[in-house]
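J.: Once you've looked at the hints, go ahead and assemble the two chains, each given alone in its own frame, into the complex.
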Amino acid sequence: MANGVWVVLQHREGQLPRISFEAIAAAQKLAAQLGGKAEAVLLGAGVGLAAAEVAKFDLAAVHVTDDPGLRVYTPGAYIGALAPAIQAASPAFVVFPHTYQTVDYMARLAQGIGAGLLPEVTGFESGADGLVWARPVMGGKLQSKVRVRGEGTVLVSVQSGAFPSDSAVLLVEAGEADVKPLAVDLSGVKPDREVLGYEEVGGDTVDLTKAEIIVAVGRGIGGADKMAPVEALAKALGAEIGASRPVIDNGWLPRDRQIGSSGQTVAPKLYVAAGISGAIQHLVGMKGSAVIVAINKDPGAPIFTVADYGIVGDLHEVLPALTEAVRAAKG
Amino acid sequence: MKIAVCIKQVPNTEARLRVSRDGRWVDEEDLPFVINESDEYALEEGLRIAEKTGGEVVVLSLGPERVKEALRKALAVGAARAVHLADPAFSGGDALATGRALAAALARDSFDLVLTGSQSDDVGYGGTGSVIAGHLGWPHVWLVMGVELEEGNASAKVTREMESGVNEVSRVRLPAVLEVQAGINHPRYASLKGIMAAKKKEIAAASPADLGLDAGQIGAAGSRLEIVAVSFPESGKGAQMLEGDAKAAAAKLVEKLQKEARVL
Ligand SMILES: Cc1cc2nc3c(=O)[nH]c(=O)nc-3n(C[C@H](O)[C@H](O)[C@H](O)COP(=O)(O)OP(=O)(O)OC[C@H]3O[C@@H](n4cnc5c(N)ncnc54)[C@H](O)[C@@H]3O)c2cc1C
Ligand SMILES: Nc1ncnc2c1ncn2[C@@H]1O[C@H](COP(=O)(O)O)[C@@H](O)[C@H]1O
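Protein chains in written order, with the working numbering: chain E, 1 to 331; chain Z, 1001 to 1264.
Treat each hint with caution, since some may be false.
Just the calculated beta-carbon pair ranges, DEER-fashion [to be verified]: (1) 199(E) - 1024(Z): 39 to 45 Å; (2) 222(E) - 1200(Z): 32 to 38 Å; (3) 1205(Z) - 288(E): 36 to 42 Å; (4) 267(E) - 1205(Z): 48 to 54 Å; (5) 13(E) - 1200(Z): 55 to 61 Å; (6) 1173(Z) - 267(E): 51 to 57 Å; (7) 1014(Z) - 71(E): 42 to 48 Å.
Derived lysine-lysine pairs resembling BS3-like cross-links, with alpha carbons at most 27 Å apart [as the list claims (entries may be wrong)]: (8) 269(E) - 1247(Z); (9) 1068(Z) - 1200(Z); (10) 1259(Z) - 297(E); (11) 29(E) - 1157(Z); (12) 1256(Z) - 269(E); (13) 226(E) - 1247(Z); (14) 297(E) - 1252(Z); (15) 1252(Z) - 190(E); (16) 1259(Z) - 210(E); (17) 297(E) - 1247(Z); (18) 1259(Z) - 330(E); (19) 56(E) - 37(E); (20) 235(E) - 1247(Z); (21) 1237(Z) - 145(E); (22) 226(E) - 1252(Z); (23) 1252(Z) - 235(E); (24) 235(E) - 1256(Z); (25) 287(E) - 297(E); (26) 287(E) - 1252(Z); (27) 287(E) - 1256(Z); (28) 1259(Z) - 269(E); (29) 287(E) - 1259(Z); (30) 210(E) - 1002(Z); (31) 1256(Z) - 297(E); (32) 1247(Z) - 1259(Z); (33) 269(E) - 1252(Z); (34) 297(E) - 1237(Z); (35) 1237(Z) - 330(E); (36) 190(E) - 1002(Z); (37) 1199(Z) - 1259(Z); (38) 1237(Z) - 269(E); (39) 29(E) - 180(E); (40) 1259(Z) - 235(E).
Don't read these hints as lab results, they were simulated from the structure. Bear in mind that the values here come from a model prediction, so they are computed numbers and not experimental data. We treat Cβ as the ideally placed atom computed from N, Cα and C, and that holds for glycine.
Just chain Z, with the same shape it has in the complex (with noise of 0.2 Å):
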């Protein structure tokens, strides 16, 4: 099967951040960035079902220059190729205007699946999926936490999660939008080999005008939403902060459990 999966590059959830000078978004000089959690998954995804049914993976990312390198590790994992939505016009979009540009993207090529993850560690709108799908016109399912090919690689059977420890099972048929949740498998590490290799394939840039797009239906343009400022929550707010070292801040706590919330 020819499967797409479309990966997104975005800050270390563990890095420090800061806000930006315009007060609109985060800094980005220095920020270490990293492919967004489920969507390595659904790489991993992608790249088990392409071994099993004797096909390939193709990798989409929309972004910066800097969205290179996370499209260079999907390669090094086993991608065969990618294409890189690089276009400053794609840039700043809200969840429609994303997934208008990535819909473009894929239907230029004939799939037979494509994967995304459920939501993005940064903005979260957890829709660019579900619209990606709704431009193709095909099934989507959101937290996709199994996929069981049936009838001949014709339909899936789908598991999706809903809250508190129930999932629905579902037949979906094939071509689909399938929205990975974390958690669905174990994504693998990059062989020296495949990383080598990785440097010897494709990155192909796709601009709006590829795509059949003009500027004002992409990127921050294209939008409903515009994001206006950032701050961080007031932190600790309520919370008595124990100071010193660790010792000394694990002694106090103690003190506080026993004494003062009564719970030790």
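Only chain E is shown next, with the shape it has when bound in the complex (with noise of 0.2 Å):
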């Protein structure tokens, strides 16, 4: 029987992103509602610094391993170090931070060892038969429920910002889970993917990160065209304007203006997203803006759970008199 909970972390050269911590702080949650501590994985070649941090957590153990073969993350590496060890130690769930690189494998993870695949979730709770999860369907305009049927391993991902990592719990009295190494035979992994490197994305010379007041458009804007109230909004406030990713694939404006999880991550005093629908991809990118201000035809739309002042209505109509209103009150 699936016993047990794990957490397997991500890091960048040793150094862990907060993701991760959220990720020890669900895997934490969960081990508690099962009943028992949670145990960490850390793969890569050289983490033994990372380890040490990692273990001052409430964790029953920390597997570490050693591996030349773990340095460049590769899903063929990755799973050949990760298959045999959840195979063999059959824990009831595997906890992922949501990123790009834990997507790239998990799913074939899961395909591989026959487990289940239960992706960015943000929270669960027990319910009358087991653990109900949440996570977002329909881009985020609709909070799913979902539940887990049958026996043996699941992996789980869980989205950014969904379980606070400043409620992972720290060993107290300064004590230090076991950390211990985890042997790894990466000789029959086929390589998969020959990395020849990485390279920044062109053409970043709008630096939105250090503008005060952003005006965002979505693709309710409807085309290239159709860019002048938000341009003359822009002016009125003194504003940088920034976007949501189909304006930018849809090539109404240039990749650089694009805000989110693939563009850039803002935080100006004033944020006004308008024709935005509130995407996880996107609200990571601003939900940090002291205010944020959401223009939307839709009243459901989940830019609306993030904003602090709404306007339901066509931002054709809503931007012009907005400018109008600012020009007013600017004299």
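T.: Written as structure tokens, this is what we have:
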């Protein structure tokens, strides 16, 4: 029977991003629910310092690999390391931070070992017949409740921000979790991807992170030829123009205006989002803004859940009216 | 090259949604459906590669009768033929069940390359393409933003998007499954000629029996995940909604931004 909770941590050259601590928090909460302590896994080469940092958390163990074959991430090597370990220990759940790297290999790992696959959860609660998980569907317009059926390990990834990292529990009295080597044998792994290098996405000429005010537009603007009211408002406010991904993908604005998980992360004092629905990949790039204004014709758009002020309406009417009001106020 | 593209039909992202009567999914009546956004880009990429290498694109879709409309659209922009996994037993699957069915359909043919989108705009598992690759035993790359064929089409230089403005560039042997991210290209529109030609192209149905699968391995029955309820998030939680016509709402907003939020 599958038993216990594992958490696989992502790091970049030994540095742990916040979402790895969020994954620890999620795994601890889940393990407590099932009656036990979570165990962490750290893959890589020379990740001793990161392991020591993880060992400060209330975990049953930290399993650490040190294999040159894991220095550069490839799905083949990561799956080659994790698959036998998960199959041998058969934990009920393996928790991952929901990152682009995780998504790149988690589904294939699940398929390979016959585990269940539950991506991008935002929470769970225990119901009459077991755990009920929450995850967004329809680009965040709806929240779904999901149950897992059947037996065997389930791979779960947790959405950024869903389990606050500061809720991860440290070991009291300066104790340390057991750091154990995780033996891996990558000799049988078929290389699936030869990494040639990494490159910056070109054209980063606009630094939106320095802007005090941003007027951001989404697909709701309707075309490159409809940008004038946005430009007028940005000018009146002394703002930079930003955008959601589809605006960029459609070629209505250049790529260096994209805000979100694949674009820039901004936190201006005022963020005006017009015609943007508020998918999580957009929200992670702007929800730290001091004041958020949302303008959308759909009152159910998820952008309103992070907004301070909202106007339900057609942006082609609201933006010119707003420009006018700003001009009047500024005299 | 012979290229397969998996396309899913999903509700238009701008559609107003209603929860279905049983509370488990959206009400599909009168709901406008489109080809999933990243799949449109995958299809375009497939067409470009087929044109460059001299080959054809076959589109596959799993879903009910309405899915034919998406397949017709793909045929109209240049796909040569289509395969439809239409049996109700296929429906309601998680990424593992849907990927298993699509992989079985793909394995009946001999493709040099399989393209999928990176994520579906409805359930958004982001994993179906990788599952397909696992079944076929081929390499895969998720979130593909560039494909350059090399070595006489034996391998490809693939650009994968990573977080915050960095891409990974790698070499992948073909055949492979590439899970295309939106924005990789600019999808074409169907021409009138293409729309007419599409009417004569074949949409072949594939049943579970054709694929050697039994009902317990696919669709809802073959899935570990079961969606038990969907609901709207608490709208405007914490947000002050400013009422009135555009002019009135704008005036109120500016006043709030000045006097309350003090950001103007
Ligand atoms: C791996 C990955 C990475 C991604 N990275 C990013 C990223 O970095 N940044 C990003 O933004 N997205 C990103 N996305 C895409 C994201 O999931 C959403 O698809 C995207 O943010 C939606 O953009 P949107 O809100 O403009 O469009 P939609 O979701 O289509 O919303 C358009 C909105 O406009 C409203 N509207 C339409 N007409 C009007 C009108 N006349 N007046 C007022 N409102 C109107 C509609 O009601 C709707 O709410 C990523 C996706 C994936 C899978
Ligand atoms: N029912 C389906 N029919 C055809 N392709 C699909 C289907 N479901 C998923 N896919 C493909 O798999 C990709 C990822 O989907 P998902 O794993 O649901 O996010 C999509 O972009 C499609 O290319």
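J.: Looking back at the numbered hints, which does the structure fail to meet, lowest number first?
T.: 3, 6, 11, 15, 30, 35 and 37
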